[in-house]
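Novice: For the record, the sequence lines run as chains A and B. Under the UniProt record's numbering, the final residue of the first sequence carries the number 494; numbering is consecutive throughout. Under the UniProt record's numbering, the final residue of the second sequence carries the number 350; numbering is consecutive throughout.
Some hints could be false.
Label pairs and their computed distance ranges (CB to CB) [what the hints assert, rightly or not]:
1. B:35 to A:360: 55 to 63 angstroms
2. A:164 to B:146: 48 to 56 angstroms
3. A:55 to B:253: 45 to 53 angstroms
4. B:290 to A:294: 54 to 62 angstroms
5. A:454 to B:186: 32 to 40 angstroms
6. A:443 to B:240: 51 to 59 angstroms
7. A:435 to B:184: 30 to 38 angstroms
8. A:425 to B:109: 17 to 25 angstroms
9. B:231 to A:320: 28 to 36 angstroms
These aren't lab readings, by the way, just hints derived from the structure by calculation. These figures come from a predicted structure and were not determined experimentally. Even glycine gets a Cβ: it sits at the ideal position worked out from N, Cα and C.
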Amino acid sequence: MHTTVTLLADVPAQLLPARELMAFTLASHIILVPLGVALPLITLVMHYRGLRRNDPVALLLARRWSAVMAVQFAVGVVTGTVLSFEFGLLWPGLMGKWGGVFGIGFGVEAWAFFLEAVLIAIYLYGWRRLKPRTHFLLGLPLPAAALLGAFGILAANAWMNTPQGFTLDADGNPEDVHIWSAIFTPMFGPQYWHFVVAMLITAGYTVAGVYAVGWLRGRRDRYHRLGFTVPFTLAAVFTPVQFLLGDSIARSVFHKQPVKFAATELVWRTDTHVPEYIFGRLHPDGSVSGGIRIPQFDSILAGFTPGTKVTGLTSVPADDRPTPAQATLAHWAFDLMVVIGSLLILLALWYGWCRLRQHRLPASPWFFRAAACAGVASVIAVECGWITAEVGRQPWIVYRHMRIAEAVTATRSTSLWIMLGLVIVVYVFIFGSLLAVLLKMRTGWRLADARRAAGEWTDEPESDTPYGPRARVPADDPPSDGGTGAGPDEDGRP
Amino acid sequence: MADVIAVVLLLAVAAYACAGGTDYGAGFWDLTAGGAERGARPRWLIDHAMAPVWEVNNVWLVFVFVIMWTGFPTLFQTVFSAMWLPLALAAIGLVLRGAGFALRKPLRHLAGRRLYGAVFAIASLLTPFFLGAAVGGVASGRAVPGTEASAHAWSNPTSVLFGLIAIVATAFLGAVFLAGDAARYGAPDLVGYFRRRALGSVVALAVLAGIMLTVTRSDAPHVWHGLTHGVGLGLVILAGVCSLATGWLLLRRPGVWPRITAVGVVAAAVLAWGAAQRPYLIPTSLTVAEGAGAPGSLRWTGLVTLVALLLVCPAVAFLYWLDTHGELEPLSDTDLRRTEPDHDDPTELN
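Okay, chain A solo, but in the shape it has when bound:
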């Protein structure tokens, strides 16, 4: 991909590092998004169950998940703020020309985020002192705030895919902005629902996966059973829904962004009776090597009959479409996402069969092994979906209106490479720390459970989290810098 990009004439040198930097920061941020968008909902479902059935185990789980929610939200805020800087640092041309047309979505997102931060603070601090019912009710708007935030971001991204809501003046600058139609663009609906359900599924499988591992290691108490079934059931119910939504968005792309569709399906020439390739590699002469070829299937998928005409990559000039390497990348990402989605459906069916027909959890350890991997697999699928959407749109930053090369900053490429290196170091540090904190929280909880079972006094689980309850004034002779809480000692790690 690198060679093809630099070989193209009039491509500025800073384009490559700018793209790599944006891609790296976005790909990292996306890992945190499912837990940010969907974990509040999953936690509230568990919380509701705990209150309704007066179930202390469910309440304990909800409480611990709320702590995880807070930690990841804290890091998500930071990586999200970086993205808003990068719009200016990397793509000043985009924001300078089009910011007024599509930028409003980010405003909605910023305020939704504000609301979410406030609500999370109240929810996490309220466990002990607020009345249980009041506390739950104050948590209820959280999923709505998360959906509102996603609304803003997806509106902006969908606009870049199918821009509308403006007219161009004589100089080619946008005027007569109609925000309403700039927000509700043709791709917005399909993208939004596909995204929201993807977040729900990913968060559900990720959380359930943690308890699936515990289950496999022989921890088969009610705590693990409940921690597994509630998020897994939610995710399993939505998996088939996602399949339908995924099909619908692919069809929307076929109609609204035919060249992107051609790239994701490796269609070279506009034709009917187009074959479907599963994986495979596109060459500059239009031939496809490797992969599995299913005759006529692409036309059938796109329009339900073999006679459906599918637009090919060659329908536009070479510099208006993704390069063969980019098309291959988008195609692989797309196929990988579909494969993972199909496997998840099988897993959901397995689970549904056992639960509905036999009224029990599946007994096979292979089911739990698969369930333990489902979370990681869904995160990979989310990344693939994003790659498909963004690489498939190349070389356009605003589809058919502005090329990425026109939007990029004029800063020297050396600065950008240095910045990329710095950001990678910083992000490795942050994500490593995040993982360490989560693992440490888990160990702490496990020890707290063991002590509680032995009848000993234990620390409250949230006191270690960035949002945890605040410690009291330390005595005038403080034990040490770290001495505001008695924590789990690590020599007890299993």
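We have chain A already, so just place chain B on it with the hints.
Specialist: For chain B alone, coordinates are given in the frame of chain A:
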């Protein structure tokens, strides 16, 4: 409409300067608190006071950007092109700061806490400096539309002074708020500790303001003129009065009032800068009218702001209400017993 959105933008900047500034100030005092032993109590208070609301404040900055790119796209493009380096460094500072603070709390090893604490504190110092320097570059008119990234735009007397003033202003806000928190959480020794620091930073702020007025006279004449005449002068005087009032109130008893006057100092200073720039977004090359985006976008920016204020203000007010009414305070037996076992914890020494 463009003028209204320009005022909204200025108010958002002022809100970030006050809310974010308080946060950065806490980081400044964390940095200067001394070694692990000596600085334990101030650091405890900083952790304690920042905990419930600490990173909500950064959303103000995101909102400043959003208003800039929807309302004044040219300004956004110009600022980010010309001030590339300081803004890139500020972004990295923001990441390190947030991560340092968030991830320090769960750590128990002293070495780890030191590392994360240092990251948090140093980033708290550098981020406001670079943001201030970028503002100074705008105020002195060095970021003309079309300017490419260059050191000239932000390494000049006005920019450096703006950066230093930003640091001192955050230190001032931080100290005033922490003095109030110390009183609220029953740590009388820390009240005096932070009161001394707040008074010291008021003096430093006054000195820097004096230097700035002499430097900007030749280096940023348009803003200098605005600051010494009319509305700008009125706001400068208001900031001065507020800082005197803050000092006096602090000496009597820290509480809510010195906070209000301290916020008044910073807000008045930011508004004075905004008033001094009129009618320019960037003196003297880009006016508000020239830089304004499409009327439709401006209307919607205003509408979104209004709706959001209606949603967010009650939520924030409610959070503060809960916080100040003890609903978010952990006053159970477990907390009372918490300080005991630390000495016996073998991992403390690792």
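Novice: All the hints need checking, so say for each whether the structure fits it.
Specialist: Hint check results:
A hinted range of 55 to 63 angstroms holds for the C-beta pair residue 35 (chain B) and residue 360 (chain A), which are about 59 angstroms apart. Here the CB-CB span from residue 164 (chain A) to residue 146 (chain B) is close to 29 angstroms, at odds with the stated 48 to 56 angstroms. A beta carbon spacing of about 48 angstroms between residue 55 (chain A) and residue 253 (chain B) agrees with the range 45 to 53 angstroms that was offered as a hint. A hinted range of 54 to 62 angstroms holds for the C-beta pair residue 290 (chain B) and residue 294 (chain A), which are about 58 angstroms apart.
Distance hint for residue 454 (chain A) and residue 186 (chain B): a CB-CB separation of about 35 angstroms, consistent with the stated range 32 to 40 angstroms. Judged by the Cβ atoms, the range 51 to 59 angstroms given for residue 443 (chain A) and residue 240 (chain B) holds: they are separated by roughly 55 angstroms. Evaluation of the 30 to 38 angstroms hint for residue 435 (chain A) and residue 184 (chain B) yields a pass: the beta carbon distance comes to about 36 angstroms. Between residue 425 (chain A) and residue 109 (chain B), the C-beta spacing of about 22 angstroms keeps the proposed range 17 to 25 angstroms intact.
A C-beta distance of roughly 52 angstroms is found between residue 231 (chain B) and residue 320 (chain A), which places it outside the suggested range of 28 to 36 angstroms.
Violation of the numbered hints given earlier is confined to hints 2 and 9; the remaining hints are satisfied by the structure.
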